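Enquirer: Numbering (full-length UniProt numbering), first residue to last: 1 to 261.
Think of the hints as simulated: they come from the structure by calculation, not from any bench.
Here the structure is a predicted model, which is why all the values come from computation and not from measurement.
There's no promise every hint is true.
Below, in silico cross-link-like pairs of lysine-lysine (DSSO-like), each with a Cα-Cα straight-line distance of 27 Å or less [unchecked claim]: (1) Lys242 / Lys188; (2) Lys215 / Lys67; (3) Lys188 / Lys67; (4) Lys215 / Lys49.
With beta-carbon atoms standing in for the labels, derived distance ranges [claimed, not checked]: (5) Ile192 / Asp3: 43 to 53 Å; (6) Ile192 / Pro252: 17 to 27 Å; (7) Asp48 / Ser257: 28 to 38 Å.
Glycine included, every Cβ here is placed at the ideal spot set by N, Cα and C.
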Amino acid sequence: MLDQQTLDRIAAELEEAERTCGTVEHITRAHPEATVEDSYAIQSMWRDKNLTHGRRLVGRKIGLTSKAMQAATGITEPDYGVMFADTVWENGSVIPFDQYSSVRIEVELAFVLSQPLSGPNCTLFDVLRATEYVTPALEILNAHMALEGRTIVDTIADNAAYGGMVLGGNPMRPDQVDLRWVSALLYKNESIEETGVAAGVLNHPATGVAWLANKLHQHGTTLEAGEIILAGSFTRPMWVSKGDSVLCDYGPMGTISCRFN
1 MLDQQTLDRI AAELEEAERT CGTVEHITRA HPEATVEDSY AIQSMWRDKN
51 LTHGRRLVGR KIGLTSKAMQ AATGITEPDY GVMFADTVWE NGSVIPFDQY
101 SSVRIEVELA FVLSQPLSGP NCTLFDVLRA TEYVTPALEI LNAHMALEGR
151 TIVDTIADNA AYGGMVLGGN PMRPDQVDLR WVSALLYKNE SIEETGVAAG
201 VLNHPATGVA WLANKLHQHG TTLEAGEIIL AGSFTRPMWV SKGDSVLCDY
251 GPMGTISCRF N
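Make a model of the complete structure from these sequences and hints.
Expert: Here is the structure:
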């Protein structure tokens, strides 16, 4: 475990990197002894600094829940990060590209909770009962460490590489759609780049939300009513450049689009 002074310093460096769109050294290069619990402690300290500055927490993201994402990153276990209100974009938004670094897009479903969820024994069925609606979402990845050589410890400390999300499409109650079979076609500049089916997320995207509730129990917290939960990507991340337009077609669940200026 890292000492408190080291944890404080790394959290401050990551806060500065987000403010300046800069980068920091891999934690595991300077501190190979760092653990997953160290990385969640750093993330929590970073979160609290942002809350102190007036940012408002609106939900959580789950990462690395599909084989596609695990293969793309070389990391074999899920993780989670926090989402603030100022990171949520409306469908059709023009998004400032320079606000992010290493910009990539992931295809996801967002669960909006009407009831709290807590571990340690949260199940897929608990998630479905507690969900008001599910809606299409695109996650904008934002890394403050070089992608090459990054470990799960580095990723978690960097808020699980979360930068923002675009919400859109047709929100549906969980009993209106077979969530396992939600499919998506991801386009960049009118050319199809990725396809996927939501069952790629742990066989059912709600399973990811149950995993999160149980993981948060280990860290002494719960999911609250009203929170938005990104359940994890069911495609590989798609790189975008300044000026690119993005569109994702979820079939009956509608479309999402955005452009990076």
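Enquirer: Broken hints, numbered, in rising order?
Expert: none
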